[in-house]
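Peer 1: Quick note, the sequences are listed as chains H and B, same order.
Start counting the first sequence at -14; every next residue gets the next number (this note's numbering).
Start counting the second sequence at 2; every next residue gets the next number (this note's numbering).
Treat the hints as calculated values from the structure; they're not laboratory data.
Incorrect hints may have been included.
As a list, the in silico DSS-like pairs of lysine-lysine whose alpha-carbon atoms are at most 30 Å apart [unchecked claim]: (1) H:125 <-> B:39; (2) H:227 <-> B:6; (3) B:16 <-> H:230; (4) H:118 <-> B:99; (5) B:16 <-> H:125; (6) B:88 <-> H:134; (7) H:238 <-> B:39; (8) B:369 <-> H:238; (9) B:345 <-> H:118; (10) H:216 <-> B:16; (11) H:134 <-> B:6; (12) H:114 <-> B:39; (13) B:99 <-> H:182; (14) B:150 <-> B:88; (15) H:125 <-> B:99.
All values derive from a computational prediction rather than experimental measurement.
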Amino acid sequence: MSRGRFNFHFLTHEFMNTLYLFDGTLETFISIIPVLWAISEPSDRLLSQSEYTPGIFEKTVYLDERSSADLPVKNNNIPKEVMNAVTYAFSSGIVEAVEKTPQYLNYIKNNGIDAMSHLAEPSVSVIFKAARKTSSEAHKLKGILRFRKLGNILYGPYFSKCFVLPILAEHFKHRLPNESWILHDTERKTGVFYNGKTVEQAFFSPRELSEITNEYEKAGVEDQFETLWKKYFDTIAIEYRKNPKLQRAFMPKQYWRFIPEVAKRVL
Amino acid sequence: MDVMKKLEILSDSAKYDASCASSGSNRATPKGGIGNGKQCGICHSWADDGRCVSLFKVLFTNYCIYDCAYCINRRSNDIFRTAFTPKEIADITIEFYKRNYIEGLFLSSGVIKSPDHTMELLTEAIRILREEYLFGGYIHVKAIPGASKELIEKAGKIADRISVNIELPTKRSLELLTDKKHTDIFTPMKLITEGVSTSIAERKISRKAPKFAPAGQSTQMIIGATPETDLTIVKLSEAMYNKFDLRRVYYSAFIPVNSDLRLPVLREPPLLREHRLYQADFLMRQYEFSADEILSPEHPMLDIALDPKANWAMNNFHIFPVEVNRADYQLLLRVPGIGPRSAKRIVIARRSHSLSFENLRSLGVVLKRARFFITCKGKRMPFISEKFATVYKSLSENHEPGPFQLPLFNT
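Construct the complete structure from the given sequences, taking the supplied hints into account.
Peer 2: Written as structure tokens, this is what we have:
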């Protein structure tokens, strides 16, 4: 063993923290939560592979969809609230929230589900804030997402900072169950299509996309209800109380591109 | 006349109705239908005045048999008059809803022919929505004072919220400014309260009993058109919250839309006063304050420089500072800057950790005002003054206009 003055014994395997790596997708993230729930220690971290820089004080473990099959004991009784919180936190795109996920899971596992509101605990606070960022943006988009009628289909493109597509799809599935609609996440270039029965992932090829965009522009001009809506929107404001700052605080300009009543003002 | 023109006229007249809430009613999408109600409510847009657009807010008609001094649609005004048909209202609502512009409909109206006739038309419009279009979204409908009991009950069973505007804070003011119609606001209000409580009682016995205005009722009054003090107004609101179980009272700063000798001439609408009244109103609904704690006969008007909660804290300066780790929920709620949400978070978080100022920040508690009134682990925040005068000055808001560029070429 080492004969020098310093004993590096503490760097051996069992004393080191673990850095878990995964491919960075939502699907893999969800699939590895049971693994992390079962084996995480308080100082472990989780990173997407693209964020990873090798260090000497941690051992790295790569996780993927198959990892949960290797678990000695199947542990599926993760509370739904916890599952939601970490999934929402992941969707916020905040790196620190992903990083603290193992620590968070460990803390909740040891302290019970009430620990989700121990906001003085750093990992809980980080996850809580990140999850709230996603859910509040999702809530905002449930309001400011706009559909345009392209033939028989309602087409709803939108901008979002967090990945809120699954939340929106669930919402509109209940709200407009007998219509056909498309939700299009223009930032992440993905979307879903609902045909009146099931929600399916939608992919847009560049050609398709330019066709849709043309149709979209045309539909906006022709739709009389959109014209009515714009008229309504302009009339409803009280001149005396004009307050553009307040308006922007609730409805930031980055969303305006896809909101017909204000879209023109951005250009 | 085309729908576009009608919409322009009738939404223009509806914009002074302050209510926009779409919350408080959970409604599933009817089978084969469209739309649902969300407990939390959803805002869909924000108009240029910063107010949210949640419901398609429109008048059924701006014809009116009455002649109220403050109202833009009064009989003696020479304005363009028009009316929708019930079907037109329903069609626009559905088409707007499909495009996700709105959360539902807020239908109000001038009084055409008679209160009963008007109420019938309103009820017909929302009946078409619910029964023919199977619409499950939010519907707020105004009850027309003077309409028959049966009609109001029918509307209440269809709508999520039904409301009557009290318009002015006292009966004397009402008699002075309105045209008979409003002398009896409390009868329909009471009717709705009874409808709601009966329905709640019945639904406890059978889930299938019909809902009656599940989102309750609200009302609205005009501020500054008549000489009432804030004390009168706040007391009235408190009484209505207690007696009629109102969900909200809306206040609307008086904006002179008519010239009328009975109305005061104001330099500008009392928007700040309206803001302070809303603050006082929230103190009563969510902060467990009573009207007497907010105002007293010696000080019947709300302080313009200081918000009512800070004002209360300054008047009760001796009970502060409170210890965040020990004070009970009710006392935490009294600290300026700590609201129900922060107070709840504190109460839960301190079970596991003894809280420091740093922890409070990570809880999301805003310390800008709270820092003067709290201690953490027995210590005040460093460099924070305990002097009454300094605290008062830091809390008061400056409403003087700031420096601005004078016109160069104007005379």
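Peer 1: Could you run down the list of hints and mark each one as holding or not?
Peer 2: Hints, verified against the model:
1. H:125 <-> B:39: Holds. Residue 125 of chain H to residue 39 of chain B sits at ~13 Å (cutoff 30 Å).
2. H:227 <-> B:6: With a Cα-Cα distance of about 23 Å, the restraint between residue 227 of chain H and residue 6 of chain B holds, given a limit of 30 Å.
3. B:16 <-> H:230: Measuring from Cα to Cα gives roughly 20 Å; hence the hint holds.
4. H:118 <-> B:99: 27 Å, holds
5. B:16 <-> H:125: The given pair, whose Cα atoms are some 23 Å apart, holds under the 30 Å limit.
6. B:88 <-> H:134: 21 Å, holds
7. H:238 <-> B:39: 26 Å, holds
8. B:369 <-> H:238: 28 Å, holds
9. B:345 <-> H:118: With a Cα-Cα distance of about 20 Å, the restraint between residue 345 of chain B and residue 118 of chain H holds, given a limit of 30 Å.
10. H:216 <-> B:16: Distance of about 13 Å is within 30 Å: holds.
11. H:134 <-> B:6: Given that 30 Å is the threshold and the Cα spacing comes to 23 Å, the pair holds.
12. H:114 <-> B:39: 23 Å, holds
13. B:99 <-> H:182: 17 Å, holds
14. B:150 <-> B:88: Since the Cα atoms of residue 150 of chain B and residue 88 of chain B sit roughly 24 Å apart, the hinted pair holds (cutoff 30 Å).
15. H:125 <-> B:99: It holds: about 17 Å lies between the C-alpha atoms, which stays within 30 Å.
In this structure, every one of the numbered hints holds.
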